[in-house]
Amino acid sequence: MIKKMQLPVILFFLLSAWQLYGQIIVNDNWIQNNISEGALFFDQAGQTYKFDTDFSAAGTAVFVTADNITIDLNGHTITFGTADRNGTIGINPFRQRSATALGSDDQNFSRTASGGSGGSNTTIKNGRIVWGGTNGTWAASVGGYYSGSHVNIDNMYLETGGQDAACVYMKWADINIYNSYCVNNSTSTENRHAGPGAIKSEGTVVAENNIIIGGNSAIVCGGGSRINNNVLRHSSFATNGYGVWLYRNTGVVSNNNIIAPSNGRGILYNAGEDHTASENLIVVHERPNSEYGSGLNPPAVRIRYNANNISFFNNKCLAIAGEGLTAGSGAYLSDDGGMRNHIYNNEFRALLTMQPDPQKYANAITFERQGTADNFANDRIENNYFGSNNYILRLTGFDGGCFQTAIHNNRLEWINGDDTYSWFVDAIEDAKYNYSYPASNTYVTPQALRNIKDEIKAEVQSLIAGETDNRDRYTFYTGYYEYDGFITIIDAQLGPDVSMEPADVYVRSGSGSENDIKIGHSMYVHCVDSLGNPIKNKTIQVHDNTGLTFYTQTDNSGNARLELMDYALVKPLGDASSTKETRSGHTASISGFKTVSLPANITGNENNPYTLNFGGQTEVSDAPSKPSNLRIR
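Residues 1 to 633 (UniProt numbering) make up the sequence shown, in order.
These are calculated hints, taken from the structure and not from any lab test. Incorrect hints may have been included.
Label-pair distances were calculated between CB atoms; the ranges are [as the list claims (entries may be wrong)]: (1) THR276 / ALA465: 29 to 37 Å; (2) GLY293 / GLU501: 30 to 38 Å; (3) SER110 / HIS193: 29 to 37 Å; (4) GLU482 / ASN537: 43 to 51 Å; (5) THR250 / ASN29: 47 to 55 Å; (6) LYS580 / THR276: 34 to 42 Å; (7) THR445 / GLY295: 34 to 42 Å; (8) ASP430 / ALA465: 16 to 24 Å; (9) GLY585 / THR250: 43 to 51 Å.
All residues carry an ideal CB built from backbone N, CA and C; glycine is no exception.
Kindly produce the complete structure, drawing on both the sequences and the hints.
Structure representation (structure tokens):
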């Protein structure tokens with residue numbers, strides 16, 4: 001009886017060495033019996049492959065050729081690419097051979113010759129995938145040139161290097177990555193316009209609770225992505241490296257991240273629409289590079305190329321410029337006429353650590369190629385803090401000037417290094433950035449977060465400590481390359497020693513440009529007729545001694561917020577500097593009613609508007625049409 005049971009018992013124990021409780025155990029014996037051309041092929045759909053040993057490969061280490069496979073590294077390490085072949089991958093959810101110009105390592109395996117139909121919904125967790133090469137290209141810890149469905153990554157340490165390397169690169173597949181520590185040691189790219197990055201896909205990326213170190217950009221992603229609660233510390237080696245790099249897509253949400261590159265920029269909106277970014281802490285600085293030298297202006301946020309309906313709010317941004325660095329800006333806008341982005345409730349600070357020169361400057365905000373003379377940009381820029389020790393509002397740059405409608409309720413202030421460092425420490429130690437991690441995390445832990453925060457604080461302190469608030473400084477910078485600067489500023493709050501007078505306008509080019517900087521305030525009014533009845537839903541126009549300056553609609557209660565120009569800083573073409581033109585004689589008119597004078601020094605407020613009595617109706621026809629450069633409020 002015992003002899004009859006020996007064979008089944010032996011078979012059971014042999015099988016259990018490989019497969020236990022529905023899992024395939026990847027141990028030394030399993031690897032020896034299943035390795036093919038130096039790689040492992042996971043081809044059992046719906047199965048969990050659980051490692052019981054480390055694994056090393058000269059090229060790609062693991063191909064996943066069936067759907068719904070889970071790979072549990074169980075604390076072990078996969079080392080890939082030790083032979084420095086191009087396009088090697090740690091784990092490749094494989095659907096189709098690579099089509100890259102450089103070629104891919106899947107070309108070296110007979111089992112991938114006909115492509116594959118699997119790889120969808122691969123899950124990778126609980127271990128390390130590390131590149132073992134020294135000189136390869138397109139190495140990715142997790143990747144595949146084409147792939148479908150989701151790739152899910154959790155509690156992983158991913159490290160890669162070489163030219164155009166990525167920790168995760170899935171081309172068009174969706175990526176969910178959580179609780180993972182990613183290190184990209186790449187230092188070069190064949191084409192920086194392709195957006196090299198540590199995490200990269202043209203599909204949807206959900207990245208939460210990660211720490212990402214290195215890479216030209218941290219995350220390059222497609223529409224619908226969610227980038228939340230991460231530390232993004234990329235290190236750009238080519239132009240336009242950002243923490244979040246977006247190109248012509250929609251609906252990306254970036255919330256509550258620390259974006260603090262050791263060299264690089266914050267968030268890039270290259271066209272696209274309907275994006276949101278809030279509660280991010282962004283500190284940027286950049287060294288000269290081989291393409292542009294010092295001719296760079298790295299910002300915390302860059303919006304350009306017809307980007308529309310971007311909501312950027314409640315963020316804290318610092319740009320550092322100067323010795324050993326390039327220039328820098330808190331915000332950098334190049335929006336076409338009619339674009340309508342909303343930038344509000346942010347803090348933008350920019351510090352320069354040397355006397356300014358044409359390539360070294362610090363702008364709290366830069367407008368460059370913002371709108372046109374015939375079609376002003378219509379971005380809503382309100383309730384922000386703009387601080388600098390050099391230029392607060394820059395109205396021209398290398399690619400163009402500024403034609404921007406009114407910005408509202410912004411505070412302008414001079415800042416210094418020590419106060420800014422204290423502000424930054426308070427910001428990074430805010431409870432919102434004390435991220436909560438699962439207790440099971442191995443790599444992204446509270447101690448790892450503490451180490452990164454301390455490193456960032458030390459870096460910022462070394463760059464700005466002791467910096468004064470009185471570099472050569474101007475409230476406005478204009479006239480670069482003889483470009484024009486037109487903007488209206490309503491209800492600005494000015495910090496100590498900040499003023500908006502002709503002497504506060506720096507004109508770079510002398511007589512070759514025009515400026516028209518209008519300064520004004522709001523007046524809240526309640527519009528009634530001779531009987532005291534509210535005048536509802538009517539166009540109301542404001543004139544001063546220069547003509548029509550503003551129009552809006554009364555609401556259902558007859559209330560409206562008017563904008564009255566107090567003065568303008570004007571530099572006509574041919575003049576070398578600005579002069580101050582006082583505005584007076586403000587009146588308001590509603591078609592069909594008499595024109596009324598607006599009293600000076602009375603503004604009312606939203607809850608207690610000033611009553612304007614327009615009297616009885618007259619025979620006046622419809623109001624004249626609006627000028628092309630005015631915008632309804």
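Evaluated hints:
1. THR276 / ALA465: 29 to 37 Å: At 34 Å between Cβs, range holds.
2. GLY293 / GLU501: 30 to 38 Å: Given range 30 to 38 Å: holds, Cβ gap about 35 Å.
3. SER110 / HIS193: 29 to 37 Å: Holds - the Cβ-Cβ distance for SER110 and HIS193, about 35 Å, lies within 29 to 37 Å.
4. GLU482 / ASN537: 43 to 51 Å: This hint holds: roughly 44 Å between Cβ atoms.
5. THR250 / ASN29: 47 to 55 Å: holds (50 Å)
6. LYS580 / THR276: 34 to 42 Å: holds (40 Å)
7. THR445 / GLY295: 34 to 42 Å: Holds - the Cβ-Cβ distance for THR445 and GLY295, about 41 Å, lies within 34 to 42 Å.
8. ASP430 / ALA465: 16 to 24 Å: holds (21 Å)
9. GLY585 / THR250: 43 to 51 Å: Since GLY585 and THR250 have Cβ atoms about 47 Å apart, the given range 43 to 51 Å holds.
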